[in-house]
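2 protein chains.
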Amino acid sequence: MRKPRLMTPGPAMVPEDVLLELARPVIHHRSDEAKQVIVEVAEGLKEVFQTKNDVMILTSSGTGAMEAAVVNVVPPGGKAIVLNAGHFAARWAAICKAFGIVAVTVDTEWGQPVDPARVAEALERHPDAVAVYGTLSETSTGTGHPVKEIGEVVAKTDAVFVVDGISGVGAMECRQDEWKIDVLCAGSQKALMLPPGLAFVSVGPKAWAKIDAFESHSYYFSLKAARSKAKEFDTPYTPAHTLILALRAALRRIKDEGVESIWKRHALMSEACQAGVKALGLELFSARPAEGLTAFLVPEGMKDSQIRGKMAERFGVTTVGGQGKIKGKIVRIGHMGYTDELDVISALAALEMALSDLGLDVEPGKAVTAAQQVFLGKGEPVTA
Amino acid sequence: MRKPRLMTPGPAMVPEDVLLELARPVIHHRSDEAKQVIVEVAEGLKEVFQTKNDVMILTSSGTGAMEAAVVNVVPPGGKAIVLNAGHFAARWAAICKAFGIVAVTVDTEWGQPVDPARVAEALERHPDAVAVYGTLSETSTGTGHPVKEIGEVVAKTDAVFVVDGISGVGAMECRQDEWKIDVLCAGSQKALMLPPGLAFVSVGPKAWAKIDAFESHSYYFSLKAARSKAKEFDTPYTPAHTLILALRAALRRIKDEGVESIWKRHALMSEACQAGVKALGLELFSARPAEGLTAFLVPEGMKDSQIRGKMAERFGVTTVGGQGKIKGKIVRIGHMGYTDELDVISALAALEMALSDLGLDVEPGKAVTAAQQVFLGKGEPVTA
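Protein chains in written order, with the numbering used here: chain A, 18 to 401; chain B, 18 to 401.
Isolated chain A (complex conformation):
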């Protein structure tokens, strides 16, 4: 028997009670009952996003939210600055290109955090940029970017700051309003503890002014349409309502634990996973690890598929490798959402045994012990 442990940076594991919500009979999405669900969900999402804005619900994957945050904000032929530091950051540029928007990229080595000073320089060189597109947690490299500091920089200009928070929101500290994030995107299948299928966009007043200034070529992803329906706790088109019902259950869990406590839990899991990986002599890929996943370099002479295959086949632990230009070079362990300390320890134990099985000179228990020390030292005290 292998018990499945989905330790990927999205989709992530879904709590059993949330899964059961999905099995409930479908109700009509325009019924009062459905509206009441959205009323509750709308409040919960604001708390997760740390915003006073309405958080609009889209039926799509996270990329749909990104598209909405591009086509509605920058007119065709307009200019955008893209903080290009990974596979998903590059998607901002690809979306801009598809819609005839000029994307100026601030290129940063994958695994390195974006330098806010370079964002300031780019804004000075391109005062006509309508928006700066950045990333909270770059899933492809496991890097957390200094969004707060970049927000300060962008706020001094006319440009709006748009952040892909897909694998970050709910996993690591992010305060949309305080941090001056004008548009924040998230997806359901990460720290929000749902299956994929919903995306979220929250838009602040500075960004609404840009959006209201032109008629964008958008229909399904029209944020103006979404805004007017969100005011009535509704959506312009039929939403994936069973997922919204499950979202309510997930948000109740988040409310019970508290957003700040959840950030702390993730910070601790991240620190423990990093400590475990380093205790095995492995090298972290990111210079500034995001808190929902840990990426490490594949040891010399090994293939990522060997390590990941062994972890999956023998222990049921699913991880992912690299994407784009770092395909084959890293392994990424996700620890976001419905993941606890013992899940991290399990993943590290599986990693140790997999590496040992593959003939690497590792001392089983070292990673686990290192993680335990983090949990013991900084977690809740185990003795009174």
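Because the hints were derived from the structure by calculation, they are not lab data.
Predicted, not measured: the structure shown is a model, and the values here were computed from it.
Misleading hints may appear alongside valid ones.
All copies of an identical chain are treated as equivalent in the list; a pair is satisfied when it fits inside any one copy or across any two copies.
Unchecked claim - Capping the alpha-carbon separation at 35 Å, the derived lysine-lysine pairs in DSBU-like fashion look like this:
{"#": "1", "residue 1": "LYS241", "residue 2": "LYS114"}
{"#": "2", "residue 1": "LYS52", "residue 2": "LYS320"}
{"#": "3", "residue 1": "LYS69", "residue 2": "LYS327"}
{"#": "4", "residue 1": "LYS173", "residue 2": "LYS197"}
{"#": "5", "residue 1": "LYS248", "residue 2": "LYS342"}
{"#": "6", "residue 1": "LYS344", "residue 2": "LYS241"}
{"#": "7", "residue 1": "LYS272", "residue 2": "LYS20"}
{"#": "8", "residue 1": "LYS52", "residue 2": "LYS346"}
{"#": "9", "residue 1": "LYS114", "residue 2": "LYS63"}
{"#": "10", "residue 1": "LYS223", "residue 2": "LYS114"}
{"#": "11", "residue 1": "LYS295", "residue 2": "LYS52"}
{"#": "12", "residue 1": "LYS20", "residue 2": "LYS52"}
{"#": "13", "residue 1": "LYS114", "residue 2": "LYS69"}
{"#": "14", "residue 1": "LYS383", "residue 2": "LYS114"}
{"#": "15", "residue 1": "LYS114", "residue 2": "LYS96"}
{"#": "16", "residue 1": "LYS295", "residue 2": "LYS173"}
{"#": "17", "residue 1": "LYS114", "residue 2": "LYS246"}
{"#": "18", "residue 1": "LYS248", "residue 2": "LYS114"}
{"#": "19", "residue 1": "LYS96", "residue 2": "LYS241"}
{"#": "20", "residue 1": "LYS346", "residue 2": "LYS246"}
{"#": "21", "residue 1": "LYS96", "residue 2": "LYS246"}
{"#": "22", "residue 1": "LYS246", "residue 2": "LYS197"}
{"#": "23", "residue 1": "LYS20", "residue 2": "LYS248"}
{"#": "24", "residue 1": "LYS52", "residue 2": "LYS114"}
{"#": "25", "residue 1": "LYS281", "residue 2": "LYS114"}
{"#": "26", "residue 1": "LYS344", "residue 2": "LYS20"}
{"#": "27", "residue 1": "LYS248", "residue 2": "LYS344"}
{"#": "28", "residue 1": "LYS241", "residue 2": "LYS272"}
With chain A held as given, fit chain B onto it using these hints.
Relative to chain A, chain B alone:
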């Protein structure tokens, strides 16, 4: 106790075993296991669409599939003919407008079927039209349009025929390839017996030539991207994989019953529901009823909300009213997908009792009997 009976023309009821699939733990959408699901689903969708084309899966509601069928097919500034005969047909024109496409409408009175001769005229007057946008089953009016005959007309020209089959595919006869439908769209929450959240688009060679002729302003809904991934049984972005897993279960049911048998079941339920409604002295709204729903006019002096409210509150039968310009004027009873003869009889019995309760001079049992006669006369013989 009121047992919920969702008799709306989408979302429709979902079989219990399909619902349970949704409660299964999430797997990674790029795993071999996930790919095998798509391999099976791809085959089943072709059968439902009656096509040799790949049927592409989008994570969106049906409107997303419609948007994909517009932005990828007609270049900005290009011309399209829209067969405008209801609320959802009008959506084709609205999407065209949003993307700078000139929509020439062939306006037909709501409830009337589109006349193929008028489509021929429009194509003659507008030989530069790239596409004709039509509807198989207009959900807002309960009308089935003569798609086969329109397909013959469009096939004689350079234009491609794009059909919104969202509430029709799987409920009424529709043979994409034989009927010369170049692009066919469907949604998950209708006759495919799933909750909302997935949409489907199948594109034939004549339409691919239009699509390949220009670079469309699309990213999330790029059909070129979807095509290349569909070849590998994959999707360009994270799909709503739990819904795809449930789709497999729904398609297995469809395969077991057989697509042609399913069409017959729907035709019979439609005939029975019409007979029942007429037996109560009510007037059908549509001159050519679609087979997944029955729309009737609200009797003089009554409100649709009274009838629908009574059916819902007392008997748990959910129906919908009119949309757009016929809001308040009709009641629509859905009977598509996971709906059988006794569901139709239940809805009619509830309708009879609701009308009687509301003081209308109806003879309870008349509608039920009329429906039974249809089922007895044309269904499977009840005695050997």
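In ascending order, which of the hints set out earlier in this document are inconsistent with the structure? 3, 14, 16, 25
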